Every structure is written in structure tokens, then in C-alpha cells.
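Asks: Sequence:
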Amino acid sequence: MTEQRTNSNNTTMSFGNWPSAISAELIASDSISIDESRLTKNSLYYIERRPTENGRCVIVQKTKDKTSDILPAPHSARSRVHEYGGGSYCADDEQIFFVNDSDQDIYRIANHQITRITNNKNHRYADFSYDRHHQRLIAVCETHDKSSVSNTIVSIDVTDGKISTLVEGNDFYASPRLNSSASQLCWQTWNHPNMPWDGNQLWLADIDGDSRLHNKKHVAGNDKVSVFQPQWSPDNILYYISDDTGWWHLYRYAETDSVEKSEQLTEGKKEFGLPQWVFAQSSYAFISNSQIICCYQRQSIKTLAILTLTNKPELTDIATTWQEFSSIVAMKNKICFVAASSLSFPQLISATMDSGGLSLTAASVIKTTCQIPLSPAHYSQAEVITFQNRHDQIVYANYYPPTNPDYHPDENETPPLIVISHGGPTGQSSTALDPKKQFWTSRGFAILDVNYSGSTGYGKDYRLRLDNKWGVLDVEDCCDAALYAVKKGLANKNHLIIRGSSAGGYTVLSALTFEQIFSAGASYYGISELTSLASDTHKFESRYLDRLIGPYPEAKTLYQQRSPINSAEQLDCPVIFFQGIEDKVVPKEQAEKMFDLLSKKGLTVAAQYFEGEQHGFRKAETIIHSLENELNFYRLIFNLAPRQTITFTGNIQTSNI
Numbered sequence: 001m002t003e004q005r006t007n008s009n010n011t012t013m014s015f016g017n018w019p020s021a022i023s024a025e026l027i028a029s030d031s032i033s034i035d036e037s038r039l040t041k042n043s044l045y046y047i048e049r050r051p052t053e054n055g056r057c058v059i060v061q062k063t064k065d066k067t068s069d070i071l072p073a074p075h076s077a078r079s080r081v082h083e084y085g086g087g088s089y090c091a092d093d094e095q096i097f098f099v100n101d102s103d104q105d106i107y108r109i110a111n112h113q114i115t116r117i118t119n120n121k122n123h124r125y126a127d128f129s130y131d132r133h134h135q136r137l138i139a140v141c142e143t144h145d146k147s148s149v150s151n152t153i154v155s156i157d158v159t160d161g162k163i164s165t166l167v168e169g170n171d172f173y174a175s176p177r178l179n180s181s182a183s184q185l186c187w188q189t190w191n192h193p194n195m196p197w198d199g200n201q202l203w204l205a206d207i208d209g210d211s212r213l214h215n216k217k218h219v220a221g222n223d224k225v226s227v228f229q230p231q232w233s234p235d236n237i238l239y240y241i242s243d244d245t246g247w248w249h250l251y252r253y254a255e256t257d258s259v260e261k262s263e264q265l266t267e268g269k270k271e272f273g274l275p276q277w278v279f280a281q282s283s284y285a286f287i288s289n290s291q292i293i294c295c296y297q298r299q300s301i302k303t304l305a306i307l308t309l310t311n312k313p314e315l316t317d318i319a320t321t322w323q324e325f326s327s328i329v330a331m332k333n334k335i336c337f338v339a340a341s342s343l344s345f346p347q348l349i350s351a352t353m354d355s356g357g358l359s360l361t362a363a364s365v366i367k368t369t370c371q372i373p374l375s376p377a378h379y380s381q382a383e384v385i386t387f388q389n390r391h392d393q394i395v396y397a398n399y400y401p402p403t404n405p406d407y408h409p410d411e412n413e414t415p416p417l418i419v420i421s422h423g424g425p426t427g428q429s430s431t432a433l434d435p436k437k438q439f440w441t442s443r444g445f446a447i448l449d450v451n452y453s454g455s456t457g458y459g460k461d462y463r464l465r466l467d468n469k470w471g472v473l474d475v476e477d478c479c480d481a482a483l484y485a486v487k488k489g490l491a492n493k494n495h496l497i498i499r500g501s502s503a504g505g506y507t508v509l510s511a512l513t514f515e516q517i518f519s520a521g522a523s524y525y526g527i528s529e530l531t532s533l534a535s536d537t538h539k540f541e542s543r544y545l546d547r548l549i550g551p552y553p554e555a556k557t558l559y560q561q562r563s564p565i566n567s568a569e570q571l572d573c574p575v576i577f578f579q580g581i582e583d584k585v586v587p588k589e590q591a592e593k594m595f596d597l598l599s600k601k602g603l604t605v606a607a608q609y610f611e612g613e614q615h616g617f618r619k620a621e622t623i624i625h626s627l628e629n630e631l632n633f634y635r636l637i638f639n640l641a642p643r644q645t646i647t648f649t650g651n652i653q654t655s656n657i
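Taking the working numbering, I'd label the letters of the sequence shown as residues 1 to 657.
Check each hint, because a few of them may be wrong.
Unchecked claim - List time: in silico BS3-like cross-link candidates among lysine-lysine, alpha-carbon distance up to 25 Å: (1) 539 x 588; (2) 66 x 41; (3) 584 x 601; (4) 619 x 588; (5) 66 x 332; (6) 41 x 367; (7) 539 x 224; (8) 64 x 367; (9) 469 x 556; (10) 269 x 217; (11) 162 x 146; (12) 601 x 619; (13) 584 x 121; (14) 436 x 469; (15) 224 x 162; (16) 332 x 312.
To be verified - What follows is a list of derived Cβ distance ranges for each label pair: (17) 377 x 165: 56 to 66 Å; (18) 261 x 183: 12 to 22 Å; (19) 467 x 383: 28 to 38 Å; (20) 119 x 394: 50 to 60 Å; (21) 160 x 215: 36 to 46 Å; (22) 74 x 554: 43 to 53 Å; (23) 538 x 256: 35 to 45 Å.
No lab work stands behind these hints, which were simulated from the structure alone.
None of the values given here were measured: they were computed from a predicted structure.
Ideal placement from N, C-alpha and C gives every residue a C-beta, glycine not left out.
Can you build the whole structure from these sequences, using the hints too?
Replies: Below, the structure written as C-alpha cells:
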């Protein structure tokens with residue numbers, strides 16, 4: 001384990017109260033997110049989400065000569081299909097099509113002019129392919145009627161906005177992708193109760209002279225096999241990722257002499273795929289017909305690699321300083337991706353391949369998500385640890401020791417520990433340098449970010465561990481992680497905190513209710529009552545709990561038993577809640593009811609509700625208030641700072657403080 005870093009010139013001060021230059025204001029003003037990179041012949045495009053502009057998603061263009069915003073305010077490129085969105089725009093060198101957040105209609109940017117293409121109050125769009133041959137967009141369409149939501153794949157005439165349905169009849173669709181000659185279209189589909197990572201199907205069809213689909217055929221995937229990122233090679237061969245072997249591997253589908261064949265291209269205990277929470281994720285791209293640049297995870301380590309498509313495909317790792325990769329795109333020899341490490345914030349990278357095609361050259365940083373002006377000595381680096389839970393199963397976590405070159409504790413002191421339960425629960429914690437984590441470690445808190453059973457990146461069996469056990473096994477893993485840290489001398493047993501958002505917030509509330517390990521918790525838009533989530537949530541997740549808990553209402557008793565709100569009398573420690581008022585995934589009423597119950601019980605409790613925020617916080621003011629108030633809450637209840645110095649900010653509700 002990493003020991004606390006000290007030097008002879010720093011000051012002795014108790015954990016949890018170290019002054020830090022990494023302020024909430026600095027994080028909010030200096031941090032953006034980058035996603036959805038796109039390459040065309042002459043430009044690189046990407047989306048910046050900016051907290052200082054109330055979370056506006058701005059399309060940015062990078063040419064050889066300059067970088068510029070091409071989406072002026074108040075427009076924001078964000079899709080709300082499935083509520084989580086993604087795939088919000090497509091681009092070529094003449095025009096860009098995007099979904100505007102406020103009305104969910106499609107607009108075109110051409111010659112610096114913005115033109116509205118569609119005008120439908122009840123439609124949402126995502127995941128575009130532009131069919132230049134037929135002057136149309138092909139996209140996923142989500143239609144919201146008064147009593148139902150339906151999903152289809154549609155064709156949208158870019159000259160008059162006319163919409164025609166191409167594929168319908170299934171609950172969900174994703175990844176409509178045209179080959180380069182616009183003669184074939186592939187797409188994914190799945191039905192309730194599946195989520196896309198449980199199992200989905202990949203389809204293929206020919207496009208006739210009238211732009212209609214015919215000769216539809218099922219290519220890969222089923223209710224128990226998940227397909228991810230279907231994509232056409234430059235020579236019109238269909239590739240995709242599938243977990244048919246228990247691991248997400250790359251495959252190639254081809255028809256030769258009327259014989260259909262799928263060939264597995266990678267092997268081993270590696271994960272090339274991701275859970276499809278959002279559209280248009282990319283973990284591989286074509287450099288040429290014979291080479292793919294890709295990333296994979298083995299255990300907790302992510303690696304960039306080149307897959308050479310010889311008679312026997314060969315995977316060659318690329319040596320880099322990064323440990324996280326996403327949004328990979330390529331065009332001929334040019335490559336772009338988002339990369340990060342434990343010492344570098346996520347950044348958009350542009351590079352080329354060397355003459356041998358097995359390493360990167362001319363790699364340059366186009367944009368960094370965070371510019372905090374501190375040396376690496378201020379950053380706590382993630383350490384991957386493994387431990388055995390109470391069922392003798394291996395569980396993974398990322399440990400961050402308290403780190404600040406200007407302060408150190410008494411040699412006999414152990415730090416307060418914040419256990420993080422990531423969202424999803426089908427998701428994963430990252431080792432990338434994160435200013436919000438450094439906000440805590442630079443003040444003398446340790447962090448243990450747990451990839452509990454059910455997390456992705458460790459194969460299908462690890463994901464399936466959580467089936468029927470959500471609210472039980474994830475909770476036990478987080479509790480066992482905290483106990484492991486105490487046993488190893490990494491945490492103060494009396495200052496154990498658990499925090500999480502969304503599904504992670506549910507794990508927080510369940511851990512505080514059904515176990516007696518933690519002394520405090522923070523729930524960010526967390527779930528406290530499961531039956532309403534099963535009966536009154538958005539379509540995409542409306543059957544998610546069938547697998548995680550059991551079908552509803554058949555398993556109604558389990559839903560009631562695992563709902564923290566029904567056993568609030570067992571919760572006996574301080575909790576702080578943060579909630580978006582416009583959240584459609586977890587309604588604010590859940591936080592309000594929990595606050596009232598705990599307040600009446602006499603517990604120290606606080607809650608803050610944010611106008612204009614949905615499921616996930618985007619505004620700078622929200623980020624500042626939530627971080628500062630969470631810190632003040634811990635300092636107050638653990639007596640880490642004098643009471644008279646602690647001041648809560650914003651419109652916060654408190655009780656018994």
C-alpha cells in the first residue's frame with residue numbers, strides 16, 4: 001500500500017481539515033467534459049459540456065489552423081432518448097446535424113447558419129447516420145405520447161423534414177449504421193425486460209433504389225448475448241463486439257459465396273465492450289481495411305492496442321502513459337481519442353500511426369478537461385486493490401491515499417475514508433485523474449472507489465453476480481471494502497463515509513439502513529423506494545430491476561424489503577441528500593420523504609434541491625454548493641473543524657444540526 005507522502009517542510013494537521021488549493025469554485029470554473037469526437041477529411045469535431053454555461057453542450061471544430069465553437073448559445077447539442085442520450089450529432093465537411101436540447105428537434109449547421117430540420121413536440125432523436133446518396137438522416141426516434149413511449153428507426157429528409165419509419169416493432173433500437181456505399185444498413189434491437197448489456201440482436205438489411213430496407217437478416221446476439229458497436233470497415237465489412245464467450249470481444253461478419261460467417265478476432269479475459277447507457281460510444285476504429293485501433297480492459301488495467309487483420313488476427317499493445325481510453329475515432333492514418341491517467345485529467349488526443357503501423361507518432365493534446373494549476377505532487381494516484389468479500393469472492397476497488405505536499409497528520413492518526421459506490425449499477429469506477437476526488441484527498445480524506453459485484457470490465461460472470469442481489473451484494477461489497485481498509489490501517493474505523501449517485505445513492509442508503517459499518521453518508525439523487533421506480537420510471541430502465549431484484553409485481557415483497565425508506569427506523573447515522581428538482585429518473589419526492597423520516601427520528605440530516613437540474617448535475621453553482629456542503633457536513637458531524645467556522649452555502653435544508 002502507498003504510505004502517506006510527507007516532506008520535511010510541511011505542516012502537521014489532522015486529516016480532513018487540510019487547506020487545499022483545489023476548491024469547489026476552481027473545479028466548477030476550470031472543468032469541462034469532452035465526448036463524441038468525430039473526424040472528417042478536414043476537421044475534428046467534439047462536444048464540450050461546460051458547467052459555467054449551465055451545462056451547455058457545445059460542438060467544437062478543430063481544423064489545421066484553429067479551434068472554434070460552431071454552436072452558439074443558446075443551442076446545446078444533447079439528446080434525451082433513453083433519458084441518458086448520447087449520439088447527439090453527426091458531421092461531414094459541409095454540414096453538421098445535431099439535436100437541440102431544449103426542444104429535441106434536429107438542426108443543421110451549414111455556412112455558419114443554423115436551420116431547423118424537424119418540428120415535432122413529442123419526438124426525440126439520437127444516433128445519426130447521414131445518407132448523402134438519398135439526402136436523409138437515419139436515426140433512432142423516441143416518440144412520447146400521453147400514455148406510451150415508442151422507439152423506432154426512422155429516415156428524415158434533410159430538405160423538408162419528412163419522417164419515414166424504417167424499422168419498428170421492438171422496444172428499443174440503437175446503432176443504425178450505413179456502409180460507405182449506402183447499400184446496406186445494420187442496427188441493434190432489444191426488448192424488455194433486457195437492458196442492452198443483458199442481450200440484444202444485430203440486424204442487417206439491403207437498401208433498394210427507393211431507399212427502403214429489404215432482405216433483413218439477424219447477424220449476431222440474442223436475449224443472453226450482448227452486441228456492442230457495430231461498425232463498417234472502409235471496404236464495407238461489418239464488425240461488432242459480442243460477449244458470446246463471456247467477454248466482450250471483436251468479431252467480423254461476412255458473406256462469401258452466399259455463405260454467412262462470423263469470425264472472432266480477439267480472445268482471452270479481455271473486455272473490448274462497454275455497457276450501452278448512452279448512444280454512439282466507441283472503443284475501436286478503423287485505421288485501414290487491415291488495421292483497427294482499439295482499447296480493452298484486463299482486470300483493472302486498460303490498454304490501447306492495434307489489431308492487425310491478417311489470416312490470423314494479431315493484437316499488439318501500444319505503449320502510452322495513459323490508463324483510460326474512450327471515444328476512439330480514426331480516418332486513414334489520423335486517430336483521435338479521449339485519454340486519461342492517474343496523473344493526467346481526461347484530454348482529447350490527436351495522433352498518427354508510425355510507418356510500421358504499431359505505435360503512435362505526433363501525439364498532441366487538443367483539449368484538456370481540467371487545467372488546475374498544481375504540480376503532480378498534489379494529486380493522489382489511484383491504486384488498484386483486490387479483496388475478498390464475505391462470500392470469498394474477489395472484488396476490485398481503487399484506493400486513493402490522502403495527499404497534500406503541504407500537510408501531514410500525526411504519525412498515529414488514520415484518515416477518514418470515503419467509500420464511493422458508482423452509479424449504474426452496471427457501470428465502473430475509473431482510475432482517471434478526477435478533480436472532484438482530488439478535492440477530498442487534498443483535504444486529508446482517503447477514498448476507496450469500489451467496483452462491486454455487477455460492475456463492468458471483469459467479464460460477464462462478474463456482471464451477473466448482481467442478478468437478483470441488488471441492494472444486497474453491492475452493499476456487502478462496499479461494507480467489506482471499508483472493513484478491509486480499516487484492517488490494513490488505511491482508514492479510521494470511526495470515520496467511515498459512503499457516498500454515491502443514482503444507483504450508487506441507493507447502495508449508500510441501503511448500506512446505512514441494513515448494515516452498521518458507516519458513520520455518515522451522502523446520497524446524490526439516490527433511490528430510496530424501489531416499487532415506484534419499477535412502476536413509474538422512464539421506459540429505458542422500467543424493467544431493469546426484473547433482473548437485479550425480480551419481476552414486478554411478482555417480487556413486490558422483495559422490492560419492499562430492499563427499499564431503505566421502508567426500514568428507515570434502522571438507519572441511525574447522519575445523511576445529506578442532493579437532488580435535482582427536474583429529475584425524471586429518480587423523482588425528488590424520494591429524497592424529500594427520506595429527509596422527513598430521518599428528521600423526525602432526530603438524526604442529523606440535510607438536503608439540497610437544485611432548480612434546473614435533472615439526473616446528474618451540470619451547473620457550476622450546483623457543483624460548488626454540493627461539494628462545499630458535503631465537506632461542511634462531514635466536518636461538522638466528525639468535529640474536524642471548529643463549529644463556528646462551518647457555514648453551509650445556498651438554499652440548504654437542515655435538521656438536528
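Asks: The structure should be examined with respect to each hint, and the outcome stated for every one.
Replies: Now for the hints, and whether the structure bears them out:
About 18 Å separates the Cα atoms of residue 539 and residue 588, which keeps this hinted pair within 25 Å; it holds. Restraint check for residue 66 and residue 41: satisfied, since their Cα atoms lie roughly 15 Å apart, inside the 25 Å limit. For the given pair, residue 584 sits about 29 Å from residue 601 by alpha-carbon distance, which is inconsistent with the 25 Å threshold. Taking the CA atoms of residue 619 and residue 588, the gap is about 18 Å. The hint holds against a cut of 25 Å.
Among the hinted pairs, residue 66 with residue 332 is consistent with the structure: their alpha-carbon atoms are about 21 Å apart, no more than 25 Å. The suggested pairing of residue 41 with residue 367 holds, with an alpha-carbon distance near 20 Å, which does not exceed 25 Å. For the proposed pair residue 539 and residue 224, the alpha carbon gap of about 20 Å is at most 25 Å, so the pair holds. Of the pairs offered as hints, the one joining residue 64 and residue 367 holds, with about 14 Å between alpha carbons and a cut-off of 25 Å not exceeded.
Between residue 469 and residue 556, the direct Cα distance comes to roughly 14 Å. Compliance with the 25 Å bound is thereby established for this hinted pair. For the hint pairing residue 269 with residue 217, the CA-to-CA distance comes to about 30 Å; that exceeds 25 Å, so the pair is violated. With a C-alpha separation of about 23 Å, the suggested pairing of residue 162 with residue 146 holds against the 25 Å cut-off. With a CA separation close to 33 Å, the supplied pair residue 601 and residue 619 exceeds the 25 Å bound.
Taking the CA atoms of residue 584 and residue 121, the gap is about 18 Å. The hint holds against a cut of 25 Å. Annotation: proposed proximity of residue 436 to residue 469 is violated, straight-line Cα distance about 30 Å (limit 25 Å). The straight-line distance between the Cα atoms of residue 224 and residue 162 is roughly 37 Å, outside the 25 Å bound, and the hint therefore fails. Of the supplied pair hints, the one linking residue 332 and residue 312 holds, its CA atoms being roughly 22 Å apart against a limit of 25 Å.
For residue 377 and residue 165, the Cβ-Cβ distance of about 58 Å falls inside the hinted range of 56 to 66 Å, so the restraint holds. The hint said 12 to 22 Å for the Cβ distance between residue 261 and residue 183, and at roughly 20 Å that hint holds. At roughly 30 Å, the beta-carbon separation of residue 467 and residue 383 lies within the given 28 to 38 Å, and the hint holds. Distance hint check: the CB atoms of residue 119 and residue 394 are about 54 Å apart, consistent with the given range 50 to 60 Å.
Between residue 160 and residue 215 the beta carbons are some 28 Å apart, a value that contradicts the proposed interval 36 to 46 Å. The beta-carbon spacing between residue 74 and residue 554, approximately 47 Å, falls within the hinted interval of 43 to 53 Å. Against the hinted window of 35 to 45 Å, the Cβ-Cβ separation of residue 538 and residue 256 comes to about 43 Å, which satisfies the hint.
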